[in-house]
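Asker: Listed here are the chains, written in short residue letters.
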Amino acid sequence: MAPDSVRLNIFRYDAFRGESHSYDCYDLTYHQNDQLLDVLEMIKTEIDHSLSYRRSCRHGICGSCAMKVNGKPVLACSTPVRDLVREFGPKLTVDPLDQSRVVRDLICDMDMFWEKYTRSAPFLEPVTVQASSPGPAAAVSAEPLDDGKTPLIPLIFSGSTNAIDDADHCIMCGACYAACPVVPLQPDFLGPAAITRSYRFIKDVRDAHPGRLAAVGEAGSGVWECIKCLKCTEVCPKQIDPFSKLSRLHQEVLRSGSSPGGIRARHTSGFQLNLLLNGLLNEFPLAVFAMRFRMITMLRRGIRMFLHGKLVINPLRPRSRGYRQIRRLMRRSR
Amino acid sequence: MNRYALYPGCNPQMAEPELLKATYAVAEVLGIELIKLDRVSCCGGAHLQDRNAFQSLLLNARNFTFAERLQMDLVTICNTCQYILAEAYHTLTTDTYTRKQINTRLEGENLTFQGTSRPRNFLYVLREDIDRTAVRQQVRRPLRGLKIAPFYGCHLYSPSMIQAVYTDNESPWNPGSLEDLISDLGGDPVDYPSRNQCCGFHSSLYNPRTSHDLVHQIIGQARENGARVLITPCPLCHANLEAFAPGKSIPILYYQQLMGLAFGLPWKSLGLQHNMSVRKRELLDLLPVVPEFLRR
Amino acid sequence: MNVAIEKSDVVIVGAGLAGTSAALQCRRAQLKTVVLTKVHPLRSHSGAAQGGINAALYERDTSAHRNDTIKGSDYLADRDAVETLCCTAPEIIADLDMHGAVFSRTSEGKIAQRPFGAQGTARTCYAKDRTGLVCLQTVYEQAVREGVDFRCEWYVLDLLYDPLEGRVYGVTAMDLRNSRIHLIQAEAVLFATGGYGRAYSRTSNAHANTGDALGIILRNGLALEDMEFVQFHPTGLADTGILISEAARGEGAYLLNSSGERFMLGYDPGKGELSSRDIVSRACETEIREGRGVGPRKDAVYLDLRHLGARIIKERLPELYSMAMTLQGENMLDQPIRVAPTTHYSMGGIPTDLHGQVRDHRGSPVYGLFAAGECACVSVHGANRLGGNSLLEAIVFGRRAGRRIASILTEAAGHHGTGGPSRAGSRTREATEDDASPAFRRISNFYSGDQQGSFYPLRKQLQQLMTAEAGIFRSREGLEDARRRLHGIAGQLHRTKVKDTSPCFNTELQEALEFENMVLYAAAIIESGLHRRESRGAHSRTDFPRHDDENYLAHTFFHFEESEPVLDYHPVRSPESAQEKKIGT
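The listed protein sequences derive, respectively, from chains A, B and C. Numbering-wise (my numbering), the first sequence opens with residue 1 and increments by one. Numbering-wise (my numbering), the second sequence opens with residue 1 and increments by one. Numbering-wise (my numbering), the third sequence opens with residue 1 and increments by one.
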């Protein structure tokens, strides 16, 4: 297998020196199965020993080596160079996950990321197992082992494990967090990894920690702040699909009534009501319903829209010709 | 003749009428027949899913049946519609248990989801079914190197694991279909970092600040890199970009409108009177004049 | 000298399963505990373990697990250690489960167990093929819950050891963020730094597995035990050495040579592919050496999983599937994948008793020093480790060491757990700035070398020579040659220079320091291998192919005395020595 060529521009920075960053450019050949980490190792051991990056396991399980290539967060050890070249062409720019938090070359300060993880109470608070009580403990029943000296291990059925849906597989690499556009704009947002971690415990029948759902339903930090761009799902190297977990939590937050109320909850219930009415959505009455008095802030925009023929004031329009059938089906799937 | 069942979505029938107008106008020139499905429901808009995922799936399964009846693919003109329908299609065609549950409910309305109509966005229908040369041939008013910034939004091609089959394997991190289109129309596509970034539409009602910051970033970067016009495929992105655009913004068009201008179609047929970010004189000044005999 | 000095009750070096398990025990006993780790705890190599953790959960008793372990160890394991391991296993699993570990379950809701190499019963509990990750996360999460103090990206350079008193009183460590040197005075130091596989070129080990504690031990004149026993896992990806778990064979995968034969049926007709690791590794290596290898360089054999089908592969071995695809471009579903023996585990290490208390070459305790996990040698694995026993060992002995530390310290001070300030200093020697001198000297040596060359080529040479001469098959000539070449490398190392002068994450300096440790324990491996003139378990001598129970049913203790290697032998601890051969049946 003949080697191929690639040009790497690698971000260099040293917090100690305090100057602005620079890029080192390398024209290299790589082999069929070379991962990005292999190329970095080659540069480090043979060309520039000072190049610094985090790495350990080499096979995508420890999560150390997350970095950005042409803006896309990847695990360097499990990303073949040939795939990167196929996606971006032969010129690749390698950056740390977050330039605003870089400390040395491709190494960032991950303190904020870990803090949000810790904030999500990432540990099981065990339910006390009572064989005869209802509720979550019913999914679990104790079976004493042989001589009674050996410990009790509750039975758990695959429905319960499947509910976790691999959320426990998250290796906390930080790729999703770095891909999320909300994180830099809203520093309080927990981010996809911490929310996925909360999901993992919320769905674990053995967990009895109170208030997890309320915590992820909080305005300003929880699931409501997600703009649903799907970047986290795109980048997750373990294919956990963090967005789908967040969406399921959204449903639970609404069902449990522990959402922050106000405009957020009204928007979602208003949406559903609008569809019940017409089968199609009209944003204008929905905005009125959700925002109420705050509509006044949209007055200028409303006028402009009206002047451009974009305002459909009639709440019964647009209406699908099949609106009755739609209503029937919606009623039957509450 | 290429015939497709058009899934119109909600916004194009409400606050973004220019999208439907421009799409029809361009389709006619290219010999595409779009049959608008007027009994469909909203796809759920990525919000109904958060309230009741089953209900949303049920409605979308029903939406597909209309295209199936016509034996045509289901064509979308909105990013979020495309994403939601593609997800629904994926679930319904891979999860047999859920599909059975859904079809049981649909039976009561004499409907069955069969999976014979695929969800495809109009942009990729143009790319895959209509020759690129066919598009180039229809250009009466080549855009003469006009610098145009493509803005993709995010739902058009995500999640790529599901959508790659519908998007000609477009990479969400390095897409190129709009750039190709711009070049085919004679324009000069502008590269800028946030061309595939989210515009923030879905939480704009209660997080306007985030939308404001994202939109300013998008338009700001496009301008910094020399763009005179920005195009987008999605009515939600279009609405959000126009709503939060900075005072001095560049015109924000649908790519169908840009195509229509390049094809020499009349202003009103493309709904350009509706775009809030467009001032007729300014936009026309950017474009070459179409000689009388070439006008449609 | 710019040195920060602080006091703690306990310092734990390494935050994998062993270190964190110990930390939890110390924390619960209200001791001031500091865990120093050179990578974030969740990056520890414990998380890379795939296949499972053994426990006699649903068996009548633990005797079969015990017998399998002793036989697997080629009778070198200390019987009391094995007894402890096997008897504690069920409670460990129950504990992990209680704290949230997501084990795979059977349809009856019990913890699923898969068959693993050289074990008569399926007793390897697993979580798909990411058991290590699940265990590590569970233990770390409990540590987060209880507020254990982790200092991430701190690299330990040296032990504070008083050889006259025979006692340890702290460590010297460097904060990698700013290269600041810290002295932490403590009444107890626990080493839990994991394995040393990076001394070899084809290894399953992470970059972090540089056996630092082993180098520090040797540098302080203390001993290492059974270093010659290096486990080679038969199935690492041929190109990179990355582990393809035994679980694949447990689920029914075949090993094939270039003629398409399941050659293991010839080497071990009874167990076939599920024979013990040393046997399978030697078989693979033999097939390759005798010209029946596969792949472009004919340096591998095939692992064939096609017949397992997509459902089993995707459900039970998803990690393995994606690794073969991403790292080697091979699709398990429709082609056999190239694998070869890879350096995997270190049976040897720092000698300890059943409670993690470190012993010196005479067998006397080194007060204040403890070790647990892969870097320790209790010895549970003897000459060869069974799959599924290392995750178990780390937790069992990490806990025991933690408990022993807790009981010694609380008893010594008549302390009843008020969680008050550290009492270090009551018996321990005071740490002073001068104690950091050896560490400073090591660092400054790397900036004053007279050669312009770097250590990287030397490291590569070391890895290649270890793989060639101290690998699966060894001989006197090979090992003596290795010894010579190692001396050459050591000599050159002292004259190399580190170019990077930044104090901020100076990874070049860190790797140089790690390499220095590597040279020391590589010598231990070579010397111990040279002196063991027999073949046992993972140590295979082509010139001495048989067991020599009379002379060598004993543990090797290696240490340096004034730079000269010294070897001692201590008998296997065996409460029922007369019944050895009976156990084999």
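Think of the hints as simulated: they come from the structure by calculation, not from any bench. No residue lacks a Cβ here, since even glycine has one placed at the ideal position from N, Cα and C. Incorrect hints may appear among the rest.
[Said to hold, decoys possible] From the structure, some residues in chain B lie toward chain A, with a derived Cβ separation under 7 Å:
1) Q13
2) Y24
3) A46
4) Q101
5) P189
6) D191
[Unchecked claim] Computed spacing ranges between beta-carbons, pair by pair:
7) A:P260 to B:N110: 57 to 65 Å
8) B:Q114 to A:I313: 49 to 57 Å
9) C:Q335 to A:L273: 53 to 61 Å
10) B:N174 to A:P187: 25 to 33 Å
11) B:N174 to C:S437: 33 to 41 Å
12) A:S158 to C:R292: 40 to 48 Å
13) C:N178 to A:R255: 47 to 55 Å
14) C:I312 to B:Q114: 45 to 53 Å
15) A:P260 to C:N178: 56 to 64 Å
16) B:D131 to A:L307: 38 to 46 Å
17) C:E315 to A:N9: 50 to 58 Å
18) C:M325 to A:F306: 39 to 47 Å
19) B:D285 to A:G211: 33 to 41 Å
20) B:D95 to A:L273: 48 to 56 Å
Asker: If a hint holds in the structure, say so; if it doesn't, say that too.
Answerer: Status of each hint after checking the structure:
1. Q13: With Cβ-Cβ at 4 Å, under 7 Å, it holds.
2. Y24: Not OK, violated: Y24 (chain B) not within 7 Å of chain A, min 17 Å.
3. A46: holds, 5 Å
4. Q101: This interface hint is violated because 10 Å lies over the 7 Å limit.
5. P189: violated, 15 Å
6. D191: With a closest approach of 11 Å, the D191 (chain B) hint is violated.
7. A:P260 to B:N110: 57 to 65 Å: violated, 42 Å
8. B:Q114 to A:I313: 49 to 57 Å: violated, 39 Å
9. C:Q335 to A:L273: 53 to 61 Å: holds, 55 Å
10. B:N174 to A:P187: 25 to 33 Å: Holds, since N174 (chain B) and P187 (chain A) (Cβ atoms, about 29 Å apart) stay within the stated range.
11. B:N174 to C:S437: 33 to 41 Å: Given range 33 to 41 Å: violated, Cβ gap about 54 Å.
12. A:S158 to C:R292: 40 to 48 Å: Taking Cβ atoms as reference, S158 (chain A) and R292 (chain C) lie about 42 Å apart, which means the hint holds.
13. C:N178 to A:R255: 47 to 55 Å: holds, 49 Å
14. C:I312 to B:Q114: 45 to 53 Å: violated, 31 Å
15. A:P260 to C:N178: 56 to 64 Å: Violated, at about 41 Å.
16. B:D131 to A:L307: 38 to 46 Å: About 40 Å separates the Cβ atoms of D131 (chain B) and L307 (chain A), which means 38 to 46 Å holds.
17. C:E315 to A:N9: 50 to 58 Å: About 41 Å separates the Cβ atoms of E315 (chain C) and N9 (chain A), which means 50 to 58 Å is violated.
18. C:M325 to A:F306: 39 to 47 Å: violated, 56 Å
19. B:D285 to A:G211: 33 to 41 Å: violated, 60 Å
20. B:D95 to A:L273: 48 to 56 Å: violated, 29 Å
Of the numbered hints given earlier, the model fails hints 2, 4, 5, 6, 7, 8, 11, 14, 15, 17, 18, 19, 20; all others are met.
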